[in-house]
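Protein chains: 2
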Amino acid sequence: MANQEKVYDLVIVGAGPAGLSAAVNAAARNLDFVILGSDPRSPKLLQAPEINNYLGYVNISGKELSDKFFNHIQKLDIDYREQRVDNIYDQGDRFSLLMGDETITAHSLILAVGVSNEQTLPGEEELVGQGVSYCATCDGPLYRGKTVAGLVHTDEGVEDIIYLSDIAEQVYIVTDRELDDNIVKKVEIIDKEPVRVTGENKVEGLKFEDDSMIEVEGVFVFRRVTPPDKLMSGLETEDDHLKVNRSMATSKEGVFAAGDCTGFPYQIGKAAGEGQIAALSAASYIQKKR
Amino acid sequence: MANQEKVYDLVIVGAGPAGLSAAVNAAARNLDFVILGSDPRSPKLLQAPEINNYLGYVNISGKELSDKFFNHIQKLDIDYREQRVDNIYDQGDRFSLLMGDETITAHSLILAVGVSNEQTLPGEEELVGQGVSYCATCDGPLYRGKTVAGLVHTDEGVEDIIYLSDIAEQVYIVTDRELDDNIVKKVEIIDKEPVRVTGENKVEGLKFEDDSMIEVEGVFVFRRVTPPDKLMSGLETEDDHLKVNRSMATSKEGVFAAGDCTGFPYQIGKAAGEGQIAALSAASYIQKKR
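Chains G and P supply the protein sequences, listed in that same order. One gets our numbering by counting positions in the first sequence from 1 and adding 1409 to each. One gets our numbering by counting positions in the second sequence from 1 and adding 1409 to each.
Just so you know, these hints were derived from the structure itself, not from any lab. Hints should not be assumed to be uniformly reliable.
The list treats identical chains as one, so a pair stands whether inside a single copy or across any two.
Derived pair list, reagent style DSSO-like, types lysine-lysine, alpha-carbon separation capped at 27 Å [as the list claims (entries may be wrong)]:
| no. | residue 1 | residue 2 |
| --- | --- | --- |
| 1 | 1595 | 1611 |
| 2 | 1477 | 1453 |
| 3 | 1616 | 1594 |
| 4 | 1616 | 1595 |
| 5 | 1484 | 1453 |
| 6 | 1472 | 1484 |
Construct the entire structure; sequences and hints are all you get.
Listed below in structure tokens is the structure:
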């Protein structure tokens, strides 16, 4: 099957205002593309009680505006899929997006993944790839017979923990999700706030607010939003956001970005404007490649 | 009256999508501001038969979208005035905008003036301030008793030519505007395409497509859009557009820019997004000044 692999012109990761605006502009330029969103869609937008500063709509709720945006991509028959991306690999002349068991391949990318409200733990960033992981499918097999902890803020993360519990010797879980009995039997729930990932050159443990500690060799973190520089390696950041130029190009050729993940202000109009620029930049990149 | 002069927080120059988006965001931040537009408003937008790539509105005409935008600023009771800015002066701690006989003063500016479709003439840029002028009120008195030419693409420009005809010895006019008999008596109409402003360190003449020439000491140019770096001195440009950073700040402190005048792509969503960023940057600038 590998030789029949479809390669899209573009994949847009994220379906907030930035990703959706990128999509309607990619459609205008006749790109062969797909947009990947998560459920619930853009919670920050949905929760806004009243929006007055997106030009063209006055006194509109976040829910209504979100409906207008989704109606727009539906009217244009845009290929929208609810799928969470675990990891993105640079294959030289194309990019592969890993989503559970499935892979999508494209010549260019627009990262419109927003920002995470959840803070990074001290010690976490330093130990990425040395015990800290954001992808159970990718890194789970490394922890066969070992002890790991999962910090879980998503439902998909809960499923990943079930998967890990079949591989690892012991699994601790810290979560704000509901767990069913089936899972509870397989893991040890810790109802304390973690404050630090410990270890020098590899993960050795997880420390909690009460100064207690558990010894683990792996820490899997599942936040609603994976920081884009952790989704894909080799992307330069600046002040905790993806570094982009005025064409919304990141430091990696063929990879564009838009919306909150590129920096302040975190606003709908800014995000939509950047999504438009990113799509037109991607279109011009694809045209040159052909 | 001078000591009672009102100083606005902000003046937004231009009422296309960039200026209007800046206005709705300046309103959201409670700035004391005014937005200056021209008639007809944003012809490029009005003439678009069908727009599909401004997120939230699908299959809408430029006229309808323009109405939505204006409806938005009306609903928010924004101070919108149809006034053309002739010149902007940097007064150190504030900016003065000259409009005919009237002056408005503000602590910060957003330039959202779009781009001109009309080409600059060879020789024009080199001789700005040395005989080439964009403002009859400002520079007219320098040409008392002299011979000048006016290149006129606006109705206000026609009025400026009438004013000049009372000062100068002789006035030539090249125009695509209708002229009434009253003016025709005072000026000499030239029905040929100008191709170059001539002169070494000062204007000496105007050359036409048929290689004919007239001797003049001043050339007044009235285009629909005055390039922003000619509206105000000291603004850095890059590839024929205003140079801005990602906060939409120009090279001059307190002056922000948005929309087509900052560069490609010339698109509504990009312009609106930049207008939003510019307004929020201006708000934060004003807050620091207070």
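Here is how each hint holds up against the structure:
{"no.": "1", "hint": "1595 with 1611", "verdict": "within (25 Å within a copy, 87 Å between copies)"}
{"no.": "2", "hint": "1477 with 1453", "verdict": "both (16 Å within a copy, 25 Å between copies)"}
{"no.": "3", "hint": "1616 with 1594", "verdict": "within (23 Å within a copy, 90 Å between copies)"}
{"no.": "4", "hint": "1616 with 1595", "verdict": "within (22 Å within a copy, 88 Å between copies)"}
{"no.": "5", "hint": "1484 with 1453", "verdict": "both (24 Å within a copy, 25 Å between copies)"}
{"no.": "6", "hint": "1472 with 1484", "verdict": "both (18 Å within a copy, 21 Å between copies)"}
Hint violations for this structure: none, all hints satisfied.
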